[in-house]
Amino acid sequence: MLSRFEELDAGRVLGDLDAEESAEWSELAQQLGVSGDASLDLLAAEFEAALSRETAPAMPLGLAERLCPVVEMPAKAAVVPEDSKVVVGPWIGWAAAACLLGLLVFRGGDTEKPTLSADSRRDALLRQEAGLKGIPFAGTTGDFAKAGGEVVWSDGKQEGYMTLSGIPANDPGQYQYQLWIVDPDRDALPVDGGVFDIPAGEGKVVIPIDSKLAVRKPAAFVITREKPGGVVKSAQEVVVAIAKL
Amino acid sequence: MKQCIDVHGPLVWGIVRRRVKDHFAAEDLVQEIFTEVWKSSGRHDPAIASEGGFISMIARRRAIDWLRRQQRLPEMESLPEKSEIPAEASVPGLGMDRDTLWAALQRLPDETRRLFVLHFEKGMTHAEIAELTGQPLGSVKTRLRRGLIEARALLQRDSGGGMNLNPDSLS
Chain A
1 MLSRFEELDA GRVLGDLDAE ESAEWSELAQ QLGVSGDASL DLLAAEFEAA LSRETAPAMP
61 LGLAERLCPV VEMPAKAAVV PEDSKVVVGP WIGWAAAACL LGLLVFRGGD TEKPTLSADS
121 RRDALLRQEA GLKGIPFAGT TGDFAKAGGE VVWSDGKQEG YMTLSGIPAN DPGQYQYQLW
181 IVDPDRDALP VDGGVFDIPA GEGKVVIPID SKLAVRKPAA FVITREKPGG VVKSAQEVVV
241 AIAKL
Chain B
1 MKQCIDVHGP LVWGIVRRRV KDHFAAEDLV QEIFTEVWKS SGRHDPAIAS EGGFISMIAR
61 RRAIDWLRRQ QRLPEMESLP EKSEIPAEAS VPGLGMDRDT LWAALQRLPD ETRRLFVLHF
121 EKGMTHAEIA ELTGQPLGSV KTRLRRGLIE ARALLQRDSG GGMNLNPDSL S
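Chains A and B supply the protein sequences, listed in that same order. Last residue of the first sequence: 245 in the numbering used here, with the numbers rising by one and none dropped. Last residue of the second sequence: 171 in the numbering used here, with the numbers rising by one and none dropped.
Be aware that a few hints might be false.
Computed cross-link-like contacts, DSS-like style, restricted to lysine-lysine with a CA-CA straight-line distance of at most 27 Å [claimed, not checked]: (1) Lys157/A with Lys204/A; (2) Lys212/A with Lys122/B; (3) Lys157/A with Lys146/A; (4) Lys227/A with Lys204/A; (5) Lys21/B with Lys204/A; (6) Lys2/B with Lys233/A; (7) Lys21/B with Lys233/A; (8) Lys157/A with Lys39/B; (9) Lys157/A with Lys233/A.
One side only, chain A facing chain B, incomplete, derived with CB under 10 Å [what the hints assert, rightly or not]: (10) Gln31; (11) Leu32; (12) Gly33; (13) Ala49; (14) Pro57; (15) Leu125; (16) Leu126; (17) Ala138; (18) Thr140; (19) Phe144; (20) Ala145; (21) Lys212; (22) Lys233.
In short, the hints are calculated from the structure, not lab data. The beta carbon of each residue, even a glycine, is placed where N, CA and C say it ideally should be.
Make a model of the complete structure from these sequences and hints.
See below:
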């Protein structure tokens with residue numbers, strides 16, 4: 001019984017329990033008089049931190065500033081070792097309080113979305129990296145013959161945007177569009193650049209690229225049409241548009 | 001705090017984005033996570049968890065809870081407040097440095113290690129891993145679960161029940 005609970009508890013940590021298993025976990029926890037084992041939580045967290053840190057995507061432009069807009073760290077309190085590691089120390093309480101105060105003021109209520117629009121963020125990226133040039137998208141055939149636009153991508157910032165036009169609006173419940181970034185230096189398989197929708201009635205749409213992995217030297221950007229939520233590996237049955245360097 | 005966000009922001013953003021597809025929901029969740037990091041910072045013990053591991057644990061729990069709510073699955077019982085971060089004495093041997101962690105990973109069966117990389121590094125769901133590898137979903141779930149338990153056992157065994165924590169080398 002204990003080993004079954006342990007296995008279910010690992011499922012809880014991995015986030016893969018279905019409704020039936022969740023009920024079984026609760027029942028066994030009650031029978032055994034135990035609760036979830038935090039050591040498994042921590043081990044999974046350490047694994048994810050260690051394995052994913054190098055490929056972690058950059059935060060969206062401005063999010064860090066919105067999280068903590070005005071905090072200045074006192075020199076004595078912030079312990080920053082030479083290797084740039086940060087110690088979560090006593091300073092974090094008041095610093096975060098100041099930060100969160102700024103956050104609450106900035107947000108101005110639960111419903112307001114302070115996020116900059118995608119086109120503003122795209123413009124900001126272009127201002128910051130003057131050398132970036134748009135790579136034109138070419139539509140394929142049929143419904144997508146008129147697809148066009150361009151993509152800008154910064155290797156350094158791991159940030160990019162597509163400006164798209166001529167792509168038919170989609171019903172997200174039926175299918176969605178997905179971007180793939182071809183980076184032969186990295187992997188033979190293209191990197192998932194994010195799932196997105198094209199709303200009806202808009203001539204030009206700016207879509208932020210949401211690369212799941214670090215992209216070093218993209219050779220092409222390919223938009224496909226996939227099932228809702230996107231896919232891990234595209235069969236490329238419906239290719240919408242391609243931008244090649 | 002700004003430096004904390006600068007250093008760990010991408011880690012938290014990555015953890016959230018691998019699970020939450022909606023951009024705005026992901027941003028909100030990141031804000032909630034850093035709020036909890038602030039509230040829980042007094043419980044962080046560098047002798048137990050690396051800073052990255054501590055923040056990653058909060059981020060993972062929040063993201064998984066969010067997913068469960070979206071899928072209308074029952075909420076899991078919260079872990080008791082005081083035991084959220086395992087006490088060294090009550091959980092002998094959980095601390096680890098990067099080398100120890102990698103050594104444990106290398107000693108797992110090849111297939112389990114591959115699944116760990118797909119899940120923890122690439123952030124794939126079990127269903128996505130099953131699709132990619134061609135393995136039945138049930139096998140993926142079981143291998144990941146048992147792999148995690150096995151990894152913990154390896155780490156505890158190596159430490160003789162009292163693992164030496166070296167969080168500085170992990171974060």
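Do the hints match the structure? See the list:
no.: 1; hint: Lys157/A with Lys204/A; in the structure: holds (24 Å)
no.: 2; hint: Lys212/A with Lys122/B; in the structure: holds (7 Å)
no.: 3; hint: Lys157/A with Lys146/A; in the structure: violated (31 Å)
no.: 4; hint: Lys227/A with Lys204/A; in the structure: holds (23 Å)
no.: 5; hint: Lys21/B with Lys204/A; in the structure: holds (22 Å)
no.: 6; hint: Lys2/B with Lys233/A; in the structure: violated (37 Å)
no.: 7; hint: Lys21/B with Lys233/A; in the structure: holds (16 Å)
no.: 8; hint: Lys157/A with Lys39/B; in the structure: violated (31 Å)
no.: 9; hint: Lys157/A with Lys233/A; in the structure: holds (25 Å)
no.: 10; hint: Gln31; in the structure: violated (14 Å)
no.: 11; hint: Leu32; in the structure: violated (13 Å)
no.: 12; hint: Gly33; in the structure: violated (13 Å)
no.: 13; hint: Ala49; in the structure: holds (4 Å)
no.: 14; hint: Pro57; in the structure: holds (6 Å)
no.: 15; hint: Leu125; in the structure: violated (16 Å)
no.: 16; hint: Leu126; in the structure: violated (20 Å)
no.: 17; hint: Ala138; in the structure: violated (27 Å)
no.: 18; hint: Thr140; in the structure: violated (25 Å)
no.: 19; hint: Phe144; in the structure: violated (23 Å)
no.: 20; hint: Ala145; in the structure: violated (29 Å)
no.: 21; hint: Lys212; in the structure: holds (7 Å)
no.: 22; hint: Lys233; in the structure: holds (6 Å)
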